[in-house]
Amino acid sequence: MTKHWRGQVAFAPPEAGDDRLGITGLRAWRLREPVSGRRYTVVKLESRGGTVGFGEGGAAVGSDVAEAKAAVAGRRATDAEFIRHRLASFPAMEAAVNNAMLDLAARSANVPIYQYLGGPTRFKARVVARIEGEDEETLAGSVRRGMEQGVRAFSFPIPARDAMWRMQAYTDVIRRRLDHLKEAAGAEADFVLDAGATLTPGDASFIATAFERNHLLWLDEPTDVLTNDALARISDESVTPVGLGRAVHNVATFQNLLRWGCVDISRPSVGLNSMRQIRRMAAVAETHYVAVGPYHDGGPIGTVAAIHLAASLPNFFAQQVPQPLAERDRAMRTELTSGNQETAADGFAPLVNEPGLGIRVNEQALAKYSEETL
Amino acid sequence: MIRRAFLEAVAAAAGGLKYRIGCDCNLAPAAALPPGSDVFKDVGSKLRITGMKVFGITLDEKIARSDRPYVFVKLETNQGVVGWGEATLEGKASAAMACVNDLHDFIVGSDPMQSEHLYQLMYIGSFYRGGPVLGSAISGIDQAIWDIRGKVLGMPVYRLLGGPVDARGVRGYYHAQAWTLEAAKELGDETRKAGVTALKFQLPTYMEWIETNAKLTRAVKSMETIREGLGPDIDFAVDFHAKPSPSVASILVREIEPLHLLFAEEVCPPENVRAMQRVAKRSTTPLATGERLVAAYGFNELIELGVVDVLQPDIAHVGGITALWKVAALADAAGIRMAPHACEGPIGGVASLHVDAAIPNFLCQEICGAVASKEINSVWEDIMGFAAMRMVDGRYPLPQKPGLGFEIQEAVLKKYPFQGTRPFPPAFHADGSLAAQ
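So the protein lines, in turn, are chains V and C.
Taken in order, the first sequence gives residues 10 to 383; the numbers are from my numbering.
Taken in order, the second sequence gives residues 651 to 1087; the numbers are from my numbering.
Next comes chain V alone, as it looks inside the complex (with noise of 0.2 Å):
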């Protein structure tokens, strides 16, 4: 029996037989730091070759993974399109499962996922560190850890806007923070403004074209007004880069943001979509001449995938990595994926070369560290 999924696709049923591809079992762990309270959740792929793969997706609920499991009942790990279809409106499980088939397909072919994915496209890819903290001082802080461990971009949280403040006096302490985070760093450090879609389209508009002169790598998700008449006021009025996208999961939406060159960079969520669906989206905005930036605030596996996936792209600019404050947090990032540091050389992860995604996922941590295993 054939089923439908979305629109008029229609999958043939599984037919995996006894694929060494096979996938004969899903486990999944819904992950919290013990701090920050950031949440994502890891999938494990179990094939009859004996071969597994980890995938992360954003946070999920235990309906999504059951959901996950149905899915993937009888498919090959190489059945992606059938994956990303048929978790469409599970964007976390879509994001986890297809990037655990990518895991345990490159291991099966002894290849990187990147070179599985018609990679490397460079050797090595800029990250910008996503600092955490709720004052000056703090935000500075992380900004000077992050240049040893060899940082070189951060994108810093907008200041919270108190409502008697004229636009021109919120935009001098957005300044103060930024001049702040400049003399933490030093001169070689780029900047993202992070307004984590607060503004109207009309203050974006008014900040971004008084951040002009600055240079900022770009002004990161500055509305959560997506239509296309709000974006162009900030877009048409102003020379600042603007990034967008981290919550939207179809390549759809991505299309017609850029039909109206509303974005400079393309931000698709590491949480929401599988490597897979990204790379659609980069091959809609390589044709807009428009970069690929990916944001993630998810865990570790996350940062892992998201850099083999830099490593495929074209039009890749830079992968947005957490740099977690507390130290507990950081630890359990580390215990989760073996000992892997989440660092960076002048400014650029390296990449893996060893089968898959390249890191050993320690699942003794994963099921310390987790709220609920399915």
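For the record, the hints were derived by calculation from the structure and aren't laboratory data.
One or more of the hints may lead you astray.
Stated by the list, open to error - If you want a taste of the chain V side facing chain C, the calculated C-beta under 10 Å gives, among others: (1) Ser117; (2) Pro129; (3) Met176; (4) Gln177; (5) Ala178; (6) Leu267; (7) Ala291; (8) Lys377; (9) Tyr378.
Unchecked claim - Residues of chain V clear of chain C, computed beta-carbon distances all greater than 12 Å: (10) Ala19; (11) Thr33; (12) Ala82; (13) Leu126; (14) Gly159; (15) Pro168; (16) Arg185; (17) Arg186; (18) Arg289; (19) Glu336; (20) Thr382.
Note that beta-carbon positions come from the ideal geometry of N, C-alpha and C, so glycine has one too.
Starting from the structure of chain V, add chain C where the hints point.
Below, chain C alone, put in the same frame as chain V:
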């Protein structure tokens, strides 16, 4: 020579920068990365392309059109794995072969696992982006690279791309002609018997930019005859082959709406997308185009202006598997179906199947073959080692072997020696003026 010497002397006087005169074209790039460069040594594979061969294949004129000798590309590697691709370009075989060789320095010595990097190198690194000659040369090399990748990774290319969407195969259509009702009925019976579900026909005549009642009526009548003869259960498309103007095409596609075509192809010349948009706005007949476009960029305008229902990039021209997949991704996001064009040789046809099988927005795959097997199919079987691009129950079976799924012996190709390029045969109107075709 005097001028050159003078310029060099001026340059020398200016501090020895003799290569800075005129432009910065000779500035050293930020990082010089020739193929096989050490810069990827720690992150690439140990596989290297060690040789590139290009073959021109001319078939007997009675078997295949003389304007399109096949251009095949073979890549050899240091580990014995070889890859095959097709760079056939109608009326420009010699140019395509020369262009493949022009790309030699980008390819030989490189790591074939880096298919995306090499695609970018050939397309962007060539400075003059696109054009059918470069597009065809890139296509042949890119297909061969993917063939190697699939063989090395131990799976058919469509699996690498995330497929198959449907393991039973890829729906296809053959070319057909039927100028009378009787012939159309006969064809319908033959088509049903073979399990084929779709066919494509041509317009009966060339078209001027404004047409007479007689020719318009003849064209519409021919399509009505086809529908009547085939019956309602066989899909058919009509290739207008860019013969009519937008004005004439508008009349035709409006009048054939009741026939429910699978699509009308290249209803007017392809250069001016807004002109084609006029036709699209005036009819519900699905429109298809794209066979003459190179790389994914050019397809954006067709999508964004709402001109097309079906895109038809040709894997032998658009930039191979890499570019065809990208066009499909653009189309998928916009809800547009893919019916890749293929009217060259068997390698491109088979390579197309791999992309077709991995894209959810696939509609139908063309091949220049007929319901009844012909002599050309024997030649293709001779070359490919199997009955390439012949449907079973309306589908092209998916290759099961790694890579593109076939091996070609060079000795077989020698049976069909290249006999030079011949142009696409021109056609003329009654007054001697050139007709579009």
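For each hint given before, does the structure comply? Return the numbers of the non-compliant ones in rising order.
3, 4, 5, 8, 9, 10, 13, 18
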